[in-house]
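Novice: Listed below, chain by chain, are the residues.
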Amino acid sequence: MDNLSVDHLIGIKDLTKSDIELIFKTADNFKQIINRPIKKVPSLRDITIANLFFENSTRTRLSFELAEKRLSADVVNFSAASSSVKKGETLTDTVNNILSMKVDMVVMRHPNPGAAKFLSQRISAKVVNAGDGTHEHPTQALLDAYSIREKHGEDFNGKKVVIVGDILHSRVALSNIFCLQKLGAEVMVCGPTTLIPKNIKELDVKVEHNLRKALEWCDVANMLRIQLERQDIKYFPSLREYSMLFGLDKALLNSLSKKITIMHPGPINRGVEITSDVADSDQSIILQQVENGVAIRMAVIYLLAGKIQRD
Amino acid sequence: MEKRLVLNSKHFEITLKRLASQLKENHQTFENTVLIGLQPRGIHVLERLKHIIEQDLKKKLQCGQLDITFYRDDFRRREQPLIPSVTNIDFIIEGKDVVLIDDVLFSGRTIRSGLDALLAFGRPNKVELLAFIDRRFKRHLPIQADYIGKVVDTLTNERVSVEWKEIEGEDKVVLFTQKKTNG
Chain A
0 MDNLSVDHLI GIKDLTKSDI ELIFKTADNF KQIINRPIKK VPSLRDITIA
50 NLFFENSTRT RLSFELAEKR LSADVVNFSA ASSSVKKGET LTDTVNNILS
100 MKVDMVVMRH PNPGAAKFLS QRISAKVVNA GDGTHEHPTQ ALLDAYSIRE
150 KHGEDFNGKK VVIVGDILHS RVALSNIFCL QKLGAEVMVC GPTTLIPKNI
200 KELDVKVEHN LRKALEWCDV ANMLRIQLER QDIKYFPSLR EYSMLFGLDK
250 ALLNSLSKKI TIMHPGPINR GVEITSDVAD SDQSIILQQV ENGVAIRMAV
300 IYLLAGKIQR D
Chain B
0 MEKRLVLNSK HFEITLKRLA SQLKENHQTF ENTVLIGLQP RGIHVLERLK
50 HIIEQDLKKK LQCGQLDITF YRDDFRRREQ PLIPSVTNID FIIEGKDVVL
100 IDDVLFSGRT IRSGLDALLA FGRPNKVELL AFIDRRFKRH LPIQADYIGK
150 VVDTLTNERV SVEWKEIEGE DKVVLFTQKK TNG
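Protein chains in written order, with numbering that gives the first Met the number 0: chain A, 0 to 310; chain B, 0 to 182.
Just to be clear, a hint being listed does not mean it is correct.
[Claimed, not checked] Straight-line C-alpha distance at most 25 angstroms; calculated SDA-like pairs for lysine to any residue:
1. K30(A) to D73(B)
2. K125(B) to P41(A)
3. K39(A) to E165(B)
4. K24(A) to Q38(B)
5. K68(A) to D89(B)
6. K39(A) to K9(B)
7. K9(B) to K125(B)
For the record, the hints were derived by calculation from the structure and aren't laboratory data.
Use the sequences and the hints to build the structure in full.
Specialist: If you want it as structure tokens, here you go:
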């Protein structure tokens, strides 16, 4: 029988196509479970998981916590704002202190790219990356692809997905590109020239600076948020100008020749990248993405926990 | 491996018919009864019994398939991960008489997990167990079946395989025995 080829989930880059398919198949079962009257299974009742969030989050953090609880794992939460990190403790020290309280798995979000990999090389617990700076956000990419699979079918070959917005600062974009390409889909990125990484073509993606052309090409559009908190310099004149050129509104959506699917990893800035009537329309699967997030995270945690060896 | 035929296709059919009759005796019209097959192999027993009883009573029975993977007690104690099958129960079993159905009853651990998994669908009035093959004397838990197709006395290192004409091409039950080396 299959098993994941990795011991930690650091990025989609390390996964194989069959890993991703195994996660999807396992998530199918969990999706069914979370729609039952009793949404809980006892599989992980002897596992303790620490959620370490060194950066703000609502969706991802709640989603991980729910996934862990629905697998019956014990959960401890930690956020940088209220911890000793402020007193000057290093990442390895912080985590090692938590691990000496017998924690089996660590879910971590951190502002520095590579933080999850760094940690996985230094501790014995399993590490799940919940976003490391501008690098990767693997569970988000998995749930995005899973939502596309749910709506458009299992075969990704020939599916066209455009990722619109702040590609430069987006870990969601990078993970999504890896994930969709491994599954066989074609990927395009669209945004102002300043927000598209210079060497993006090396990843074998199409680049387009005209939103209408990009939307006419695609089956699915993933609209990203402008990450103002990561932008240390001005990348475009004003949000208003950005939203005029790269914001998606109902008029543009209705004028397209086919019905495309709209996705958004959240949090939405309504009126900037998409307008409210698009976000709430029947073409949007934004809330399905959130629901699938719990199932995908249950699958990832379940499969990684299966690799924890007993002494 | 030595093979020994435990049930041929004729006796296989007779056994299924007898089990169906026993179920009818106890459940009469099946008004408040649901049949639940355990994944992966118990569902074949369920399908056959359902077919026999439905033809007889000329009405549909309420049936489901239950996967117990996430309720097992040997997660992380085996080499390979446990890959789940589909659970298909689209009703609540609150207050129902449930018949759990599996092909081989051995250690009883699968049934223990099944009872656990069942609770996610409500509190049944009563749960009964039907096992097509009962490997008696090999139980790890105090669990016995209410309906038994055939009792087989086995050693722990032997294996009983229930084969179906829908899958393996022929209805039969085979007992595999490890050959003794050096006599």
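Novice: Does the alpha-carbon distance linking K68(A) and D89(B) stay inside the 25 angstroms limit?
Specialist: holds (24 angstroms)
Novice: Given the hint that K30(A) pairs with D73(B), does the C-alpha gap stay at or below 25 angstroms?
Specialist: Distance ~23 angstroms between K30(A) and D73(B) Cα, so the pair holds.
Novice: Take the C-alpha atoms of K125(B) and P41(A), compute the straight-line distance between them, and say whether it is at most 25 angstroms.
Specialist: holds (23 angstroms)
Novice: Are K39(A) and E165(B) close enough, with their CA atoms no more than 25 angstroms apart?
Specialist: violated (34 angstroms)
Novice: K24(A) and Q38(B) were given as a pair; does the straight-line alpha-carbon distance stay at or below 25 angstroms?
Specialist: holds (16 angstroms)
Novice: Are K9(B) and K125(B) close enough, with their CA atoms no more than 25 angstroms apart?
Specialist: violated (33 angstroms)
Novice: Is the straight-line distance between the alpha-carbon of K39(A) and that of K9(B) 25 angstroms or less?
Specialist: Given pair K39(A), K9(B) is violated - Cα atoms ~43 angstroms apart, limit 25 angstroms.
Consistency with the previously given hints fails for numbers 3, 6 and 7, ordered from lowest to highest.
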